[in-house]
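Peer 1: Knowing the structure of chain A, use the given hints to seat chain B on it.
Here are the chains, one letter per residue:
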Amino acid sequence: MPVWLDDFLWTYQNVVYALGVNGLLALSMYVVLSVGQLSLGQAAFMGLGAYSSALLTVKLHLPFAIVLPASTIAPLLFALAIGTPTLRLSGVYLAIATIGLGEVLRALYINIDFVGGALGISGIPERAGLVSIYGLLILALLGFWLVGRSAIGRAMEAMREDDVAAATMGVNVARYRLGALLTSAVLAGLAGALSAHISSFIGPNEYGFEPAVTILSYALLGGIGSPFAPVIGAWILTLLPEMLRGFADLRLVFNGVIIVLAVLYLPNGILPWAMRRRAA
Amino acid sequence: MILLQTSALTMRFAGLVAVDAVDLAVDAGSIHALIGPNGAGKTTMFNLISGLLPPTSGAISLDGADITALPAYARAGRGMARSFQNIRIFASMTVLENVLTGLHASIAPGLAAILLRLPRFRRQEIDAVSRARAALDLVGLATRAGDRAAALAYGDQRRLEIARAIAGNPRLLLLDEPAAGMNPAESSALADLIRRIRDAGTTVLLVEHDMGFVMRLADRVTVLNFGRRIADGAPADIRRDPTVITAYLGAKVAARLNAA
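Those sequence lines, one after another, are chains A and B. Just so you know, we're using the working numbering here: the first sequence kicks off at 1 and counts up by one. Just so you know, we're using the working numbering here: the second sequence kicks off at 1001 and counts up by one.
One chain only, chain A, in its complex shape (with noise of 0.2 Å):
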């Protein structure tokens, strides 16, 4: 590694990784999105990854190789608890039972001291790094982009634009919901076992409604026309605050300004542009 990347990564490491990290939080959020259902629970399938993952590290001391992809079980099981019934039907529903997951899984944080409590869980040694966040990154929008241009990617837009229409044509419409759902929670679940495999600690406060709508808001402000364009929606709303640094509290007012103005006069986000959703 040149000594100019290197002295860059030890002053911005926290930013580097932590828009990682919020790319992959912000295709969580885009592949429930593209298939026309909102989930307010990612930072819940998040925190479901993070405490997993901290306790397979901190109590059982396992690898790392084995405690990222175990990370996914729990919010897999959440979702398929969650998804199963809701996804049947057409509407708001799982946005509504995503509401509460978070909080209810807060409550349970605090109140049960094998998981720190309200202390949460401190002293995870740092295991992730740049290959793993940027490569699961790069692996997920990999991923988008490949089984969007085929058949299931066309899927994936009918239903979203017209889910009885897309269900004549043969598209078996809970199931694709269903997919997406658990798509979604595996990603978010890889995001919260890296970030906190690099902020060495993780509290039950981090994962509740406040997050979960920044994370909605990634995908707004960049649209979801392609998967490129939720994770330059998470990497402006990431560096904003940085670069804003000067103007102390009032950041948070710049961020609640731009999502108003992206929902109001950028309907399709700052990355307007459709992918083709052919291959041939």
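Note that these hints are calculated values from the structure, not bench results. Predicted, not measured: the structure shown is a model, and the values here were computed from it. Any given hint could turn out to be false.
Unchecked claim - Partner residues are not named here, just some residues of chain A that face chain B (Cβ under 10 Å, in silico): (1) G120; (2) G123; (3) R127; (4) G143; (5) S150; (6) I152; (7) E157; (8) A158; (9) D162; (10) A167; (11) T168; (12) V171; (13) R277.
Said to hold, decoys possible - Far from chain B, some chain A residues (derived; all Cβ distances over 12 Å): (14) L130; (15) L146; (16) F209; (17) G246; (18) G256; (19) L266.
Where is the CB? At the ideal position from N, CA and C, for every residue including glycine.
Peer 2: Chain B alone, transformed into the frame defined by chain A:
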């Protein structure tokens, strides 16, 4: 040979019987019209047949197999396709992508084949694109393949819906008021198109208000009124049927017509 059959098909909404014990038999290879005054239950029949509504009672069979309990997507897999009365194209996709989506039931690449871009996946995509282009060719939209569907004029959107429905060579095509809003020249071209679709081996069941269109095109006509089947037969017989005339014009006018 009967392709589609409904037996005592009934759909009851709270306080309203929209479809009341309707028996319908559509012969394979025919163009069959379902007509009736507004509110007769025609669109409800379509929604029952395509699986968008679960019937209160009765049965539906396709090619002898009972499909009453099958969800809409599975009926598409069995060779059923439909258009909608109010156009439901995928506006943000291109014209070609819309038709490709219509082929969903007939392409089933696995996730692994897609992610690894296996030869099987490539073959299916190339094949799908050529079938989609053939369908666009048939409806006369070949030159618009790359345009966004939302940019098409109303009549072209209707034709796109038909292309999307026929791309997978369905056994049964349901057309809900395909000639709505068309001028005489357009609807005559549409009638030609529907005949060509039938000649290519697809059975057509259509709902239509334009009586001239129905009488010229249909091999057989079934008439609904207030959810009940009131007549069924060849177009020429239906035209003379007193119950049908009464249903459309009211008893008074029908009596005056008879007297004249």
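Peer 1: Each hint: holds or not?
Peer 2: Hint-by-hint comparison with the structure:
1. G120: With a closest approach of 37 Å, the G120(A) hint is violated.
2. G123: violated (38 Å)
3. R127: violated (27 Å)
4. G143: holds (6 Å)
5. S150: holds (4 Å)
6. I152: holds (6 Å)
7. E157: holds (6 Å)
8. A158: OK, holds: A158(A) within 10 Å of chain B, min 5 Å.
9. D162: Holds: closest Cβ of chain B sits about 5 Å from D162(A), inside 10 Å.
10. A167: Status holds, d = 4 Å.
11. T168: With Cβ-Cβ at 5 Å, under 10 Å, it holds.
12. V171: Where the cut-off is 10 Å and the nearest Cβ of chain B is about 5 Å from V171(A), the hint holds.
13. R277: holds (5 Å)
14. L130: holds (24 Å)
15. L146: About 5 Å separates L146(A) from the closest Cβ of chain B, which leaves it inside 12 Å; violated.
16. F209: holds (30 Å)
17. G246: Holds: least Cβ distance 41 Å, greater than 12 Å.
18. G256: Given a closest Cβ separation of 28 Å, the condition holds.
19. L266: holds (15 Å)
In the structure shown, a violation is registered for the earlier hints numbered 1, 2, 3 and 15, in ascending order.
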